[in-house]
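Chains H and Z are the protein sequences, given in the same order. Residue numbers for the first sequence follow the working numbering, so the first one is 1 and each next one is one higher. Residue numbers for the second sequence follow the working numbering, so the first one is 1 and each next one is one higher.
Derived from the structure by calculation, the hints contain no laboratory data. Values in this document were obtained by computation on a predicted structure and should not be read as measured data. Misleading hints may appear alongside valid ones.
As the list claims (entries may be wrong) - Far from chain H, by Cβ distances over 10 Å, these chain Z residues were calculated: (1) Asp39; (2) Thr239; (3) Glu304; (4) Arg326.
Claimed, not checked - A few chain Z residues facing chain H, derived, Cβ under 8 Å: (5) Ala115; (6) Arg184; (7) Asp280.
Note that the Cβ used here is the ideal one computed from N, Cα and C, for glycine as well.
Number of protein chains: 2
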Amino acid sequence: MSDNPVIAEVARGALVESFHRGAGAVVDADGRLVFAFGDVERPVYPRSAVKAIQALPLIECGAADRYGLTQEELALACASHSGEPKHVATAAAMLAKAGLNEDALACGAHWPLNAEAARALAREGRTPSALHNNCSGKHAGFLCLACAQGLPAAGYEAPEHAVQRQVKAALEDVCGERLDEARRGVDGCSIPTYAISLRALALGFARMATGRGLGGARAAAAARLFAAIAAHPFHVAGTGRFDTQAMTMLQGRAVTKTGAEGVFCASLPELGLGLAVKADDGASRAAETAIAALIARFLPAAAETLAPFLCARVTNWLGTQVGEARPAGPLAAT
Amino acid sequence: MSDNPVIAEVARGALVESFHRGAGAVVDADGRLVFAFGDVERPVYPRSAVKAIQALPLIECGAADRYGLTQEELALACASHSGEPKHVATAAAMLAKAGLNEDALACGAHWPLNAEAARALAREGRTPSALHNNCSGKHAGFLCLACAQGLPAAGYEAPEHAVQRQVKAALEDVCGERLDEARRGVDGCSIPTYAISLRALALGFARMATGRGLGGARAAAAARLFAAIAAHPFHVAGTGRFDTQAMTMLQGRAVTKTGAEGVFCASLPELGLGLAVKADDGASRAAETAIAALIARFLPAAAETLAPFLCARVTNWLGTQVGEARPAGPLAAT
Chain H
1 MSDNPVIAEV ARGALVESFH RGAGAVVDAD GRLVFAFGDV ERPVYPRSAV KAIQALPLIE
61 CGAADRYGLT QEELALACAS HSGEPKHVAT AAAMLAKAGL NEDALACGAH WPLNAEAARA
121 LAREGRTPSA LHNNCSGKHA GFLCLACAQG LPAAGYEAPE HAVQRQVKAA LEDVCGERLD
181 EARRGVDGCS IPTYAISLRA LALGFARMAT GRGLGGARAA AAARLFAAIA AHPFHVAGTG
241 RFDTQAMTML QGRAVTKTGA EGVFCASLPE LGLGLAVKAD DGASRAAETA IAALIARFLP
301 AAAETLAPFL CARVTNWLGT QVGEARPAGP LAAT
Chain Z
1 MSDNPVIAEV ARGALVESFH RGAGAVVDAD GRLVFAFGDV ERPVYPRSAV KAIQALPLIE
61 CGAADRYGLT QEELALACAS HSGEPKHVAT AAAMLAKAGL NEDALACGAH WPLNAEAARA
121 LAREGRTPSA LHNNCSGKHA GFLCLACAQG LPAAGYEAPE HAVQRQVKAA LEDVCGERLD
181 EARRGVDGCS IPTYAISLRA LALGFARMAT GRGLGGARAA AAARLFAAIA AHPFHVAGTG
241 RFDTQAMTML QGRAVTKTGA EGVFCASLPE LGLGLAVKAD DGASRAAETA IAALIARFLP
301 AAAETLAPFL CARVTNWLGT QVGEARPAGP LAAT
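Using the sequences provided together with the hints, build the complete structure.
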């Protein structure tokens with residue numbers, strides 16, 4: 001096991017109660033490692049953090065134009081959404097444009113990530129469908145891609161299907177790293193997830209933001225997706241979520257994307273930088289604290305905006321603050 | 001920061017995706033350290049893991065007898081329950097016996113930990129009260145203690161209130177360690193939590209199970225609480241929870257109790273041993289894996305029963321297994 005540094009700590013009273021180790025990389029679009037901590041060469045599953053890269057073929061093959069996908073729909077194709085009514089309706093609309101419905105989705109159903117949305121569903125006597133799955137927009141995008149290319153919709157989630165082969169090729173091209181079939185896992189939504197180094201992930205996010213090192217059509221597709229995300233941060237996550245709040249507040253100065261098991265990626269377009277972190281233990285709270293600290297380090301103007309994430313309140317059930325989560329080690333405030 | 005070993009890992013496909021570090025101690029009732037890994041002297045907040053010890057004064061002062069508390073109610077006083085209807089009704093009954101109702105609870109309200117119970121509440125158009133708080137049984141016990149002693153009920157959660165002073169004294173006596181006011185935090189339910197070493201926690205659980213080293217009345221109170229817990233494991237946690245499942249399956253051969261932020265304690269009465277673990281990062285999944293591995297190490301007959309916890313399935317949203325969580329390092333299967 002790698003011996004990564006402590007990157008975030010959670011204090012209660014005068015004591016640090018828990019702490020998180022991890023690694024992170026900041027890379028420019030030419031591949032220069034600008035800043036790093038921990039082992040940034042070890043391959044990690046990027047999970048949902050790379051959804052924007054996975055959505056590139058949807059634009060490049062003409063499917064987005066053919067079906068007239070809106071900016072909200074493109075943002076949802078890059079989303080881990082909270083299953084709120086707007087998210088569900090947008091996913092359903094994408095499928096309808098390809099002549100499909102939720103029965104075509106292979107992602108499985110789960111209760112909305114947003115607790116109030118889940119309770120509202122229960123209040124109406126309903127249960128969730130695959131549309132409520134946080135990945136339904138990505139899957140709807142995959143299905144649009146399959147239909148536009150005349151590929152069979154069934155089995156679109158399998159590694160050998162042409163949809164996933166195109167997605168894998170896009171990841172390899174953008175991140176500049178070969179994806180090894182021996183390091184392939186199955187994601188929660190049943191598509192393949194390929195392990196990749198944090199250095200390559202950060203490079204991918206630098207290229208997505210700048211277009212440098214990508215072909216012209218790919219660079220244009222990346223710009224279109226990032227513009228959609230920046231314009232509709234609610235569609236990428238949801239009420240109260242880090243991505244939605246941070247991107248809303250930073251107004252396009254950062255594009256961020258969470259992934260399961262403590263992965264977080266971001267782009268800082270004006271600086272041409274890509275950022276990628278992974279908490280060893282898979283904790284979201286550590287990944288959020290770390291990516292906020294990294295953004296603030298390179299974009300000092302964002303520090304005030306990101307303050308609620310840089311020093312997150314830990315409260316009791318009455319709402320009184322009893323502790324805080326904060327960056328540590330190489331990410332500690334100086 | 002201490003450099004504790006990796007104790008649990010979560011694999012997806014052929015790769016370890018995330019891993020957890022931590023420490024743990026196994027101690028007999030005479031205080032001998034039988035087995036240990038990581039730093040077991042560092043004080044950690046025990047959180048809810050010590051609720052049975054915190055419930056001792058309730059028995060010792062005669063409140064449990066005066067109010068005729070049932071075994072289910074005593075188990076609930078030691079519980080981090082899931083807010084299911086039986087838990088809520090039991091907490092309400094305890095309060096009624098002391099002439100109080102939920103308005104006296106200082107723990108705050110939260111939606112039931114059990115997702116189906118939360119949705120059922122929403123379906124009925126209701127919102128949670130303090131009775132649904134996972135600590136409502138412990139708080140109802142504190143209120144019974146206050147009322148039986150003629151103490152003011154208001155403020156019973158404060159460190160300087162006689163209830164919390166008695167609770168602190170019981171912890172110091174049973175665990176054999178002085179609790180430092182400088183290492184006091186506020187728990188999620190607003191009562192004080194004092195940092196204590198894993199070695200002392202494990203000793204406390206060995207003493208609770210055996211009565212050794214405790215005065216006669218305290219030993220009898222401990223035996224009564226442990227008998228109530230073993231007889232009613234549902235009341236200590238709830239549907240699908242580790243404590244309820246493990247204690248139901250092990251039929252009294254282990255008494256276990258989870259605490260927030262990756263703490264887990266257990267007693268093995270027939271061996272006279274106490275066990276305590278803390279995951280550095282606060283992850284429940286790591287603490288569950290670690291305590292299951294420790295129990296199986298000293299009670300090999302339990303290994304088969306605990307198999308679902310020793311190698312926990314990681315599934316996608318369709319329910320297909322895509323990985324596993326398992327013990328590692330000093331706890332790896334040999």
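>> The output says glutamate 304 of chain Z does not contact chain H. Does that hold with a beta carbon cutoff of 10 Å?
In response: holds (28 Å)
> When the nearest CB of chain H is found for aspartate 280 of chain Z, is that gap smaller than 8 Å?
Replying inline: holds (6 Å)
> Taking 10 Å as the cut and beta carbons as the points, is aspartate 39 of chain Z off the interface with chain H?
Replying inline: holds (13 Å)
> Measuring from the C-beta of alanine 115 of chain Z to each C-beta in chain H, is the shortest one below 8 Å?
Replying inline: Nearest chain H Cβ about 7 Å off; hint holds.
> Holds or violated: is the Cβ of arginine 326 of chain Z farther than 10 Å from all Cβ atoms of chain H?
Replying inline: Holds, since 14 Å exceeds 10 Å.
> Does threonine 239 of chain Z sit more than 10 Å from chain H, CB to CB?
Replying inline: holds (16 Å)
>> Given a cut of 8 Å on the nearest C-beta pair, is the interface hint for arginine 184 of chain Z held or broken against chain H?
In response: holds (6 Å)
Of the numbered hints given earlier, the model fails none.
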